[in-house]
Amino acid sequence: MLKVENLTKMFGGLAAVHDVSVEFEARGINAIIGPNGAGKSTFFNLISGVHKPTSGRILIDGQDVSRMRCDQVARLGVGRTFQTTHLFEQATVLDNLIVGHRLRTRSGLWDVLVNSRRLQREERECRDKARAALDFVGLAHLENRVVLDISQEERKRVAFALALATEPKLVLLDEPAAGVNPEETEGLARLIRKMAEHGLTVCLIEHKMDMIMGLADKIMVLNYGEKIAEGTPAEIKADPTVIEAYLGSDHDAAA
Amino acid sequence: MNLLFQQVLNGLTLGSIYGLVALGLTLVYGILHIPNFAHGALYMVGAFASYYFMTDMGLHYWLAMLLSGVVVAALAVLSERLVFHPLRNAPPIHDKIAAIGILLFLEAVIQMLWGSDFRRMASPYNGILNFDGLIIPEQRLLIIVGAFTLMLALHLFLRRTMLGSTIIAMAQSREGAFLVGIDANRVAMLTFAISGMLAAFAATLYAPINLVYPAMGHLVIMKAFVIIVLGGMGSIPGAILGGMILGFAESFGGFYLSSDYKDIIAFSLLVVILSFRPTGLFAKGAH
Amino acid sequence: MHRLASLLSGRGSRLFLLACALVFPLLAKSEYQVYVMASAFIWAIAVYGLNIITGYCGQLNLAHGGFFAIGAYALAILTADHGWNFWPAFVAAALVAAAVGALVGLVSLRLKEHFFAIFTLCVGFIIYLLIDKWEELTHGAVGIRGIAAPDGLGLVDFSQTVPFYYLALAFLVLAIWFAGRLAASLLGRTFMAIRNGDALAQSLGIDLMRNKLLAFVLSTTYAGVAGALYASMIRFVGPEEANPNHTFDMITYLLVGGFGTLFGPLAGTVGIVWITQSLQFLEDYRMIIFGPLIVVLVIFMPRGVVGTFLGWKLRKDTEAARAKGPRAGAKVAPAKEANTNA
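Residue numbers (my numbering), protein chains in the order written: chain A, 1 to 255; chain B, 1 to 287; chain C, 1 to 342.
Isolated chain A, as found in the complex (with noise of 0.2 Å):
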C-alpha cells in the first residue's frame, strides 16, 4: 500500500530522514517510534507531501507522490492529523466537518452565483459524509455543540473524523494519544483498530510505549534519521539495538 524507498530529506547540511525504506501493508496498523528528534515527524510530512524529498521515492498504492503538493496527496487518499488540533473553536462540531469532504467536490465560484444543483447536492453530500465521519469516531451526539465546549478528547477524536471525511485510504495520525488521560488512550486505540478494521491503512507517531505494542501490526524505529529496525511488537521489544539506542537512552518513553 504505502512503499518507501531510499527516503532521504536534507535541511541544510542535516539528513532529517537518511535512506529510510520501508513498506506498509493495507489495512494494517503500523507505528513508527524513536526519540525525540528522530525524524518521525519528516517522514510524516514527506508522505503527505508538506516536504519534497531529497532523494528517494514514495509510492502509494503503486504510484509515485514524492514531487505531489500536499493537497494532491491528500486527494489521492492519504489523511493525517496533527499534534495539536486546529478546530475553529466558535463552531459547531458539524460546521467544522463539512470542509472535510469538500476535496470530492467540484462547486466552483458559478455554482455559488446560480446556486447550482450540483453544489446543493455536494453541499448534502458533505454534511452526510460529516455525519458519518463524526459517528464512527462515536461523537454523533454531539454534532451541533461547539468546539469551545468539548473535551481535549472529544477535539482528538474530532479531529479523526475531519481526516476520515476525506475518504482517505491511509491516514496519518501524529501522537494521537498526546494530552489524554489513560482511559481515554484506551478509547482512541479501539477507534484506530476500528479503522484498520474499517479497510483503512493506519501509520501513527506516538510515544505512549503501551498503547503502540498492544496495537500496531508493524513497528518502525527510527534514529537519528535512519532506520535502525521493524518488526512486529514482539520482535522490537527483543531487538538490541533499539534497547540501546532507544529504550537505553529514553526510560521515560520505555516506562
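In case anyone wonders, no lab produced these hints; they're calculated from the structure.
Incorrect hints may have been included.
[Claimed, not checked] Computed beta-carbon distance windows for the label pairs:
hint: 1; chain 1: B; residue 1: Ala90; chain 2: A; residue 2: Ser116; range: 48 to 54 Å
hint: 2; chain 1: B; residue 1: Arg81; chain 2: C; residue 2: Asn245; range: 24 to 30 Å
hint: 3; chain 1: B; residue 1: Arg159; chain 2: C; residue 2: Arg210; range: 53 to 59 Å
[Said to hold, decoys possible] Cross-link-like lysine-lysine pairs, in silico, DSSO-like; alpha carbons within 30 Å at most:
hint: 4; chain 1: A; residue 1: Lys169; chain 2: A; residue 2: Lys237
hint: 5; chain 1: A; residue 1: Lys208; chain 2: A; residue 2: Lys218
hint: 6; chain 1: C; residue 1: Lys313; chain 2: B; residue 2: Lys262
hint: 7; chain 1: C; residue 1: Lys316; chain 2: B; residue 2: Lys262
hint: 8; chain 1: A; residue 1: Lys194; chain 2: A; residue 2: Lys169
hint: 9; chain 1: C; residue 1: Lys112; chain 2: A; residue 2: Lys52
hint: 10; chain 1: A; residue 1: Lys52; chain 2: A; residue 2: Lys208
hint: 11; chain 1: A; residue 1: Lys237; chain 2: A; residue 2: Lys3
hint: 12; chain 1: A; residue 1: Lys3; chain 2: A; residue 2: Lys169
Values in this document were obtained by computation on a predicted structure and should not be read as measured data.
Even for Gly, the Cβ is constructed at its ideal location relative to N, Cα and C.
Let chain A serve as the given structure and place chains B and C on it in line with the hints.
Same frame as chain A, but now just chains B and C:
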C-alpha cells in the same frame, strides 16, 4: 567625480537612517515575531519630541536627542506592556491590527498637538566641509558617523554584556531562553526600549536635512520592512546591509533614473525579491 | 432576551433592515444625511470585499484601499478622459480591479502571514505613489473632474442624491446577498478552513493558492465596484483616494462589526460612519479615539459586535438543545469529568 561622490554620500546617509530604523524593527521581530507597524510612528514621535525639546524648551540638539530617545523608548515599552503582551497568544492577525491601532493613535495625537504642517528642525551643524573640492554638509557627516557609532554600540551591547546576550539568546530560541531562566518579559521590554530609542535617534539625526510632519513615518517604516525582508527577518547584520543596499539603490536610482519614482524603487525591489524568494533573501529556516 | 436574539438574526430582521434602508430618505432630516448614508453604503461594499479575504480567508490585506482607488480612477479616466458611457466604464473598472488583484495576488499569496501583510502594505503604497506621480494617466495631485454620474437610461437621474442612494443600496444588497451565499457554501467553508491554518487546509486536499487567489480577486472586485460608485457619487477623484489610511479605516469598520460575519461589515461601517458624523469636530482627530478602540477591541472583543452577539446566541442555542435532550447531555458528562481529572 564630484557628482558620483555626492551620490555615494547620499546613499550612505540614507542607508544609515534606514539601517537604524530597520535595526529596531528587526530586533522586535526577532524576539517577538511581531511586524511592528507602529515603528514608523515611533520614529515620527521621536522627531517631534526632539523638535519640541529644541524649539519650545530651548535645549541643545544632543540633549534633545537623548531626551527624545528616552521618551520614545518609554512609549515603545508601554506599547509592549499594554498591547503586544496581552496579545502574545492571540491569532497572528491580531497583533498586526493592534500595531496599526497604535500607529493611528500616535499620528492623530501628534497632528492634534502640532497640526499637519511641515516643520524644519534647526541643527547646530549647518556648515559645509570642503575636502579639496569634495563637498560634505556637516549634518550628513554627522548622520553617517552617528549611525555607525550607534550600530557599533548596539553590537557591543548585544555581544559583550549579559543583558544584551539575553536578547540574542531569545532571538535564537524562545524555548531555549526560557529553559536557561531568561525572563522573557524583561527581554521583550528591553528590546522594545532599544528599538524605540534607535528610531528616535534616527529621526533626530535625519530631521535637520528633511522635514518634520505627522506622516513622515509612513515611507520610512515601509522601507524598513523592505530592508528586513531583504536582510532576513530578525537578522541584525542583514538590517544594516539591507539599509545600505536600499540607500544606494535610491540614491543612484533617483539620480540616474527618475527622482519622482525613487520611492518606488524600494517597493519594486521587494516585489522582485519576494516573487523569487517567498521567505526573503537571507531567510534561515522555513519559518 | 433569547427571543430577541433569534429575531435579530432571522430572516425577518433582514427584511426589517431593508425596509428601514428603503424609507430612510423619507425620514432623513436633510439631503446631506441621505448623502452620508449613501457613502456609508459604498464603503460597506468595500468592507464586504475585505471581509472575504481577511475575515473568511484570514489573510490580512493592507492594500484594500488601493484597489478601491483603482476602481475609482478606472471609472474616472474612462468616463472623463475617454468619454466612455457610464455602465461600460463601470464594468471595466470592476474588471481592472479584478485583474490587478489577480496579478498582485499571484505574487503575494505565496507569502505567509507577516510577509503577506507587509507586502500588501507596500502594494497599497505603490498604488498611492503611482497615482500621485503618473500624471499622464492620473493627472497627479490635480485629480480628475467631470466624472460621469451613473446613467439612468433616461428613466432616473442618478446625479440627484436620493436616486443615487437607492442605487448604492441596490449594490449593497447585491454585495451582501453574494457574500451570504458565499459564506454558506462549500467555497466559503473552504476559505474558512484556510483561515484555520494552511497546513490543516492542505491536508484536507485544499489547493491553497487557487482558493486564496479566488478570495483575493473577489475582494478586489468588491473594492473596485465600491471605488467606481464612490467616484460617480463625488464626481471627482484625487490621490487622497488611495491614502493607506482608508485601508485602516476599513479594517476598523470590519473589526468593530466582526471579522468573518455576514452583518459585521454593515454594522461596523454604518455605525462608525454615523458616529464620526455626529462627532464632526473629531473629523481630523478621529483616530485618537479609533486607534485605542482598535487596540481595545482586538484584545477584549476580537470578534466584533456581530461576532460576539452570534457567539452568545450559538451558545444559548446549543444549551437550549442540550436541555431538551437530557440523554445526550448525560452521555457527554463522564467524558468531561475524565478530562478534568487528567
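Going through the hints against the structure:
1. B:Ala90 - A:Ser116: 48 to 54 Å: At 38 Å between Cβs, range violated.
2. B:Arg81 - C:Asn245: 24 to 30 Å: About 27 Å separates the Cβ atoms of Arg81 (chain B) and Asn245 (chain C), which means 24 to 30 Å holds.
3. B:Arg159 - C:Arg210: 53 to 59 Å: 47 Å, violated
4. A:Lys169 - A:Lys237: 29 Å, holds
5. A:Lys208 - A:Lys218: Holds, at about 15 Å.
6. C:Lys313 - B:Lys262: 53 Å, violated
7. C:Lys316 - B:Lys262: Answer violated: Lys316 (chain C) to Lys262 (chain B) is near 57 Å, above 30 Å.
8. A:Lys194 - A:Lys169: It holds: about 14 Å lies between the C-alpha atoms, which stays within 30 Å.
9. C:Lys112 - A:Lys52: 19 Å, holds
10. A:Lys52 - A:Lys208: Answer holds: Lys52 (chain A) to Lys208 (chain A) is near 29 Å, not above 30 Å.
11. A:Lys237 - A:Lys3: Measuring from Cα to Cα gives roughly 24 Å; hence the hint holds.
12. A:Lys3 - A:Lys169: Holds, at about 14 Å.
Of the hints listed earlier, those the structure fails to meet are numbers 1, 3, 6, 7, in rising order.
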